[in-house]
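Number of protein chains: 6
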Amino acid sequence: MNDDAMGRFPVPDREEIPEDIRERIDEETEDAGFTPNVFPAFAYKPSHFRAFFAYHDALVDDSALAREEIEMLIVTVSGVNDCLYCVVAHGALLRIFADAPKLADQLATNHRSADLSDQHREMLEYAEKLTESPGKIGDSDLEVLREAGFSTEEIWDITSVVSVFNLSNRMATVADIRPNDEFYDLGR
Amino acid sequence: MNDDAMGRFPVPDREEIPEDIRERIDEETEDAGFTPNVFPAFAYKPSHFRAFFAYHDALVDDSALAREEIEMLIVTVSGVNDCLYCVVAHGALLRIFADAPKLADQLATNHRSADLSDQHREMLEYAEKLTESPGKIGDSDLEVLREAGFSTEEIWDITSVVSVFNLSNRMATVADIRPNDEFYDLGR
Amino acid sequence: MNDDAMGRFPVPDREEIPEDIRERIDEETEDAGFTPNVFPAFAYKPSHFRAFFAYHDALVDDSALAREEIEMLIVTVSGVNDCLYCVVAHGALLRIFADAPKLADQLATNHRSADLSDQHREMLEYAEKLTESPGKIGDSDLEVLREAGFSTEEIWDITSVVSVFNLSNRMATVADIRPNDEFYDLGR
Amino acid sequence: MNDDAMGRFPVPDREEIPEDIRERIDEETEDAGFTPNVFPAFAYKPSHFRAFFAYHDALVDDSALAREEIEMLIVTVSGVNDCLYCVVAHGALLRIFADAPKLADQLATNHRSADLSDQHREMLEYAEKLTESPGKIGDSDLEVLREAGFSTEEIWDITSVVSVFNLSNRMATVADIRPNDEFYDLGR
Amino acid sequence: MNDDAMGRFPVPDREEIPEDIRERIDEETEDAGFTPNVFPAFAYKPSHFRAFFAYHDALVDDSALAREEIEMLIVTVSGVNDCLYCVVAHGALLRIFADAPKLADQLATNHRSADLSDQHREMLEYAEKLTESPGKIGDSDLEVLREAGFSTEEIWDITSVVSVFNLSNRMATVADIRPNDEFYDLGR
Amino acid sequence: MNDDAMGRFPVPDREEIPEDIRERIDEETEDAGFTPNVFPAFAYKPSHFRAFFAYHDALVDDSALAREEIEMLIVTVSGVNDCLYCVVAHGALLRIFADAPKLADQLATNHRSADLSDQHREMLEYAEKLTESPGKIGDSDLEVLREAGFSTEEIWDITSVVSVFNLSNRMATVADIRPNDEFYDLGR
Chain W
1 MNDDAMGRFP VPDREEIPED IRERIDEETE DAGFTPNVFP AFAYKPSHFR
51 AFFAYHDALV DDSALAREEI EMLIVTVSGV NDCLYCVVAH GALLRIFADA
101 PKLADQLATN HRSADLSDQH REMLEYAEKL TESPGKIGDS DLEVLREAGF
151 STEEIWDITS VVSVFNLSNR MATVADIRPN DEFYDLGR
Chain V
1001 MNDDAMGRFP VPDREEIPED IRERIDEETE DAGFTPNVFP AFAYKPSHFR
1051 AFFAYHDALV DDSALAREEI EMLIVTVSGV NDCLYCVVAH GALLRIFADA
1101 PKLADQLATN HRSADLSDQH REMLEYAEKL TESPGKIGDS DLEVLREAGF
1151 STEEIWDITS VVSVFNLSNR MATVADIRPN DEFYDLGR
Chain H
2001 MNDDAMGRFP VPDREEIPED IRERIDEETE DAGFTPNVFP AFAYKPSHFR
2051 AFFAYHDALV DDSALAREEI EMLIVTVSGV NDCLYCVVAH GALLRIFADA
2101 PKLADQLATN HRSADLSDQH REMLEYAEKL TESPGKIGDS DLEVLREAGF
2151 STEEIWDITS VVSVFNLSNR MATVADIRPN DEFYDLGR
Chain L
3001 MNDDAMGRFP VPDREEIPED IRERIDEETE DAGFTPNVFP AFAYKPSHFR
3051 AFFAYHDALV DDSALAREEI EMLIVTVSGV NDCLYCVVAH GALLRIFADA
3101 PKLADQLATN HRSADLSDQH REMLEYAEKL TESPGKIGDS DLEVLREAGF
3151 STEEIWDITS VVSVFNLSNR MATVADIRPN DEFYDLGR
Chain C
4001 MNDDAMGRFP VPDREEIPED IRERIDEETE DAGFTPNVFP AFAYKPSHFR
4051 AFFAYHDALV DDSALAREEI EMLIVTVSGV NDCLYCVVAH GALLRIFADA
4101 PKLADQLATN HRSADLSDQH REMLEYAEKL TESPGKIGDS DLEVLREAGF
4151 STEEIWDITS VVSVFNLSNR MATVADIRPN DEFYDLGR
Chain A
5001 MNDDAMGRFP VPDREEIPED IRERIDEETE DAGFTPNVFP AFAYKPSHFR
5051 AFFAYHDALV DDSALAREEI EMLIVTVSGV NDCLYCVVAH GALLRIFADA
5101 PKLADQLATN HRSADLSDQH REMLEYAEKL TESPGKIGDS DLEVLREAGF
5151 STEEIWDITS VVSVFNLSNR MATVADIRPN DEFYDLGR
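Protein sequences, first through last, are from chains W, V, H, L, C and A. Taking this note's numbering, the leading residue of the first sequence gets 1, the next gets one more, and so forth. Taking this note's numbering, the leading residue of the second sequence gets 1001, the next gets one more, and so forth. Taking this note's numbering, the leading residue of the third sequence gets 2001, the next gets one more, and so forth. Taking this note's numbering, the leading residue of the fourth sequence gets 3001, the next gets one more, and so forth. Taking this note's numbering, the leading residue of the fifth sequence gets 4001, the next gets one more, and so forth. Taking this note's numbering, the leading residue of the sixth sequence gets 5001, the next gets one more, and so forth.
These are computed hints drawn from the structure, not numbers from a lab. Among the hints, erroneous ones may be present.
Simulated DEER-style distance windows between Cβ atoms [to be verified]:
| no. | chain 1 | residue 1 | chain 2 | residue 2 | range |
| --- | --- | --- | --- | --- | --- |
| 1 | A | A5032 | H | E2147 | 23 to 29 angstroms |
| 2 | V | D1026 | C | S4133 | 47 to 53 angstroms |
| 3 | A | E5132 | H | E2019 | 30 to 36 angstroms |
| 4 | W | G7 | C | S4133 | 54 to 60 angstroms |
| 5 | W | D31 | A | D5062 | 47 to 53 angstroms |
| 6 | A | E5030 | C | P4101 | 39 to 45 angstroms |
Partner residues are not named here, just some residues of chain V that face chain A (Cβ under 10 angstroms, in silico) [as the list claims (entries may be wrong)]:
| no. | residue |
| --- | --- |
| 7 | A1032 |
| 8 | G1135 |
| 9 | D1139 |
Result set (DSS-like, lysine-lysine): computed pairs, CA atoms no more than 25 angstroms apart in a straight line [as the list claims (entries may be wrong)]:
| no. | chain 1 | residue 1 | chain 2 | residue 2 |
| --- | --- | --- | --- | --- |
| 10 | A | K5136 | H | K2129 |
| 11 | V | K1102 | W | K102 |
| 12 | W | K129 | W | K102 |
| 13 | L | K3136 | V | K1129 |
| 14 | C | K4136 | H | K2129 |
| 15 | C | K4102 | C | K4129 |
| 16 | W | K136 | C | K4136 |
| 17 | L | K3129 | C | K4129 |
| 18 | L | K3129 | H | K2129 |
| 19 | W | K136 | L | K3102 |
| 20 | W | K129 | C | K4102 |
| 21 | V | K1102 | V | K1129 |
| 22 | V | K1136 | C | K4129 |
| 23 | A | K5102 | C | K4129 |
| 24 | A | K5129 | W | K102 |
| 25 | W | K136 | H | K2102 |
| 26 | L | K3136 | H | K2129 |
| 27 | C | K4102 | A | K5102 |
| 28 | H | K2102 | L | K3102 |
| 29 | C | K4102 | W | K136 |
| 30 | C | K4129 | H | K2136 |
| 31 | L | K3102 | V | K1102 |
| 32 | V | K1102 | W | K129 |
| 33 | W | K129 | H | K2136 |
| 34 | A | K5102 | V | K1102 |
| 35 | L | K3136 | W | K129 |
| 36 | L | K3129 | L | K3102 |
| 37 | A | K5102 | L | K3102 |
| 38 | A | K5129 | C | K4129 |
| 39 | L | K3129 | V | K1129 |
No experiment lies behind these values; they were computed from the predicted model shown. Using N, Cα and C, we set each Cβ at its ideal position, and we do this for glycine too.
Sequences are here, hints too, so could you generate the full structure?
Below you can see the structure in the form of structure tokens.
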């Protein structure tokens, strides 16, 4: 395991990690060609590791949204919350899934300056508001999404991605999870 | 199922709900004497139901914090995020677990005016900052928690509760999950 | 007098309090069945006591608004300003005057999640904005109230309640006036 | 009466105004050499006129603070709340009472750039925070005032001036009370 | 040179100042009848002096806006940024160029309470938003200006004045440039 | 000239551009190997082009700061202001001048998560505060910089870079200046 995966909590040694989590980490390592630091970092607390990645898996495996839309939401929310790990790691995923090498830098900085369809612009406007002012969301915000063409299930899924990354951003920032060097360049 | 559990998404009929989720709902109903609306609400999307409650279970079942501390964090964060379901439902749980009938109203309004130990005051100060300004958390914030006597694992667990309820608050507010009438009065 | 009425200024002994103020306190005590702590607290400075309660009396005795509307405004404003005494004490009054046991918890948390008529929703939207950003109020905000059916005098009265509780909330928070135990449960 | 005293509510004709209020207006007119617009404006609602000016009178007639300190607080708070009438009218009073022709423009813009003693700087720092974030005031804020040399009664009085002008600023801005031309130049 | 021109950096002696800058200062002194403190202050760093005043000269000498509109923008932006030097010095210029003795105090406090045409109100609404939230400006904000009658070049010029004074306000506040006494009264 | 250099104002044709500006553009093109879009964009208004780049040249050619420190400040400020052109173009310059391929993404997202010396951390903390809350800067902020080892001239220069990019960010965002494709990848 990489001692530098996380700056503010100890990263467990491989032999301390439960079998099922080690297997997941091995799969991710094989997939990516390196071990994304969020995996050894969350292994600090195995019960949280399992729940966190179960939620993440549900978000991407059972969604009415395209995978690139999910990553657009994640990069936008993580930009609003100033979360380095999530901006850099999901920026790489967005470049790959959207086949759009500039989009991640645009969304992390300001979705208003990004090259987007009108529908995606409304989606990200909503993501920003739900992140910054969750208590101010009202019927009219949902109505805008519906008029932009999003179905009821898509609105649930958009809301879920925004909400889960309001969790992830806080964990990654506090734990100081470091983006792997590979993520900075992938898909450019 | 209660059609009024949630205002902005359809609540599924009992027969549409997968077996494992129905069983969990039945257990919760038996425990509480009524069905807390968050369960039928989240059954709208079964894969999310499983992940959401798995995370919640991990937070309370595998924690270095006392259960009343967990509920103190939840009520404080939900007050900052103006989330009605979470303030009312977890306010009831806090009254019960802390055996403190006034504490939930105090924390939902302003932790600075609550009857608290100095250690818990620092914990809630941190919870408020991590909720309002996640990008501004730095080493000195963690240092304050350590000086207040919290262990490394406790700091991880505090951070996790705050982060997960930054998820829950957004889902509950957008979905307009309605607090059951029972929660308003429990433990007073 | 209750020494615990207020945490940050000395509460005067009964004999130190001028006759007219003692009489007012006695009347309030008889009415409520207990002495609401704001009365002995404000007796710290008799000239302020007289002016503060004169304003309060004018707001409720000479108003184009229903008493329950006044209390709805107070609870909403006090929730925005995080004022414990005002949320708890006027929460009790709202439950009683509106005969609505859940409304106070709803408004103190988030008026957007409360059970409200459209007219009252606009009233509370205005109350929130006038509390948070007084310098940003413009003609269009007043126009919305007029279109929602409020008369000129009602708009003056709404504005006055919001304004006076922007005073009260600051005094009660700084003085650390403690809500009487009775208020937490009244009208539930 | 001056029809232009207030932009958003009707200014009553002199004969419609109750005797006691007319007398107060006459006294103020004699004192100032003109009728400050806040008087005919508040005569719109006589019961509020009486309470509002009773509070104002208590603040200035029964205070542990010097009159110039009261006006320093008012101008600072009114600057934070962007209230034109209060900045201009009390700016004039501050110039006169402090015999300091530049101080009002300095405080209305930014107390950090004003010519002030250290004690008054702390007083105005507190006034700004209590105006902007009333729910965030805590023991340490009061401690700073005490260390700056303010007595318990002075702290109550400072808090009262800030609080009452959080009322006045909102009323004057919503009612659009117009500063008399005279106020712009008095005391320069 | 006036040692009191600036509180936080040393003001250079006249003989230390390069010839071209001394000449500019002399011209300004002749024009105004006194030496506005921003000139000796910026002479601290001659290369910056030349660039800063070159930009300022371009803004006023080559503009599609009337000079009084430029000063209206400057006073409004400087009020939002709480910059004493700019509010007081450009307040004087606005009084003179607009021949409107009350307008500067109105705009420095709250453009919503100022005596303005509808077109100028939209212009200042935009100036406030661009100052407070530059990342939130979008197509609709520009559209409002266009509908208010501003040409493309006027929109560039409005944006430039707002942007340059977001520079000036920060320099003047940090350097603590002191408004000359004369500016407080000019044009009243 | 590239028609796509800027989204919200017309980009002038080469022949419309004054000789001196054309020469500057040619020099920049030769230096970079492509024409950075900010040059044809600002050519929309030649008098502003000259002043803007004169200030920029003064900032980098006559500075007590290292060039990489200047670019660190620019990327941080532009991240706070959500300015796409400045984050992407100066991100490339920072990677090159600091020979640090990850630093720009770190600073654009959150300087608290960046790999920095303590001195540079204080410098960027100040840059963030001066950008977000210019009116709240006081003596203690400057004192922190001095204690971190910055000289008086360095503090002036830091302040100037922050201030000028509070100008640039607003112009680039409103004009919708598009980062050249080359900038996204340079120096990675």
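Verification of the hints:
1. A5032/A to E2147/H: 23 to 29 angstroms: With a Cβ separation near 56 angstroms, A5032/A and E2147/H fall outside 23 to 29 angstroms, so the hint is violated.
2. D1026/V to S4133/C: 47 to 53 angstroms: holds, 49 angstroms
3. E5132/A to E2019/H: 30 to 36 angstroms: Between E5132/A and E2019/H, where Cβ atoms are some 54 angstroms apart, the hint is violated.
4. G7/W to S4133/C: 54 to 60 angstroms: Distance hint for G7/W, S4133/C is violated at roughly 32 angstroms.
5. D31/W to D5062/A: 47 to 53 angstroms: holds, 52 angstroms
6. E5030/A to P4101/C: 39 to 45 angstroms: violated, 54 angstroms
7. A1032: violated, 41 angstroms
8. G1135: holds, 5 angstroms
9. D1139: holds, 9 angstroms
10. K5136/A to K2129/H: holds, 24 angstroms
11. K1102/V to K102/W: Judged against 25 angstroms, a Cα distance of about 53 angstroms means the pair is violated.
12. K129/W to K102/W: holds, 23 angstroms
13. K3136/L to K1129/V: Holds, because 12 angstroms separates the two Cα atoms, which is no more than 25 angstroms.
14. K4136/C to K2129/H: Holds. K4136/C to K2129/H sits at ~20 angstroms (cutoff 25 angstroms).
15. K4102/C to K4129/C: holds, 23 angstroms
16. K136/W to K4136/C: Since the Cα atoms of K136/W and K4136/C sit roughly 17 angstroms apart, the hinted pair holds (cutoff 25 angstroms).
17. K3129/L to K4129/C: Holds: K3129/L and K4129/C sit about 23 angstroms apart, inside 25 angstroms.
18. K3129/L to K2129/H: With a Cα-Cα distance of about 18 angstroms, the restraint between K3129/L and K2129/H holds, given a limit of 25 angstroms.
19. K136/W to K3102/L: violated, 41 angstroms
20. K129/W to K4102/C: violated, 39 angstroms
21. K1102/V to K1129/V: Distance ~23 angstroms between K1102/V and K1129/V Cα, so the pair holds.
22. K1136/V to K4129/C: holds, 24 angstroms
23. K5102/A to K4129/C: Given that 25 angstroms is the threshold and the Cα spacing comes to 33 angstroms, the pair is violated.
24. K5129/A to K102/W: violated, 29 angstroms
25. K136/W to K2102/H: holds, 20 angstroms
26. K3136/L to K2129/H: holds, 19 angstroms
27. K4102/C to K5102/A: violated, 53 angstroms
28. K2102/H to K3102/L: violated, 53 angstroms
29. K4102/C to K136/W: With a Cα-Cα distance of about 38 angstroms, the restraint between K4102/C and K136/W is violated, given a limit of 25 angstroms.
30. K4129/C to K2136/H: With a Cα-Cα distance of about 12 angstroms, the restraint between K4129/C and K2136/H holds, given a limit of 25 angstroms.
31. K3102/L to K1102/V: Violated: K3102/L and K1102/V sit about 50 angstroms apart, past 25 angstroms.
32. K1102/V to K129/W: Roughly 33 angstroms between the alpha carbons, so the hint for K1102/V and K129/W is violated.
33. K129/W to K2136/H: holds, 20 angstroms
34. K5102/A to K1102/V: violated, 50 angstroms
35. K3136/L to K129/W: This hinted pair holds, its Cα atoms lying about 24 angstroms apart.
36. K3129/L to K3102/L: Given that 25 angstroms is the threshold and the Cα spacing comes to 23 angstroms, the pair holds.
37. K5102/A to K3102/L: Violated - the C-alpha atoms of K3102/L and K5102/A are around 50 angstroms apart, more than 25 angstroms.
38. K5129/A to K4129/C: The given pair, whose Cα atoms are some 18 angstroms apart, holds under the 25 angstroms limit.
39. K3129/L to K1129/V: Given that 25 angstroms is the threshold and the Cα spacing comes to 17 angstroms, the pair holds.
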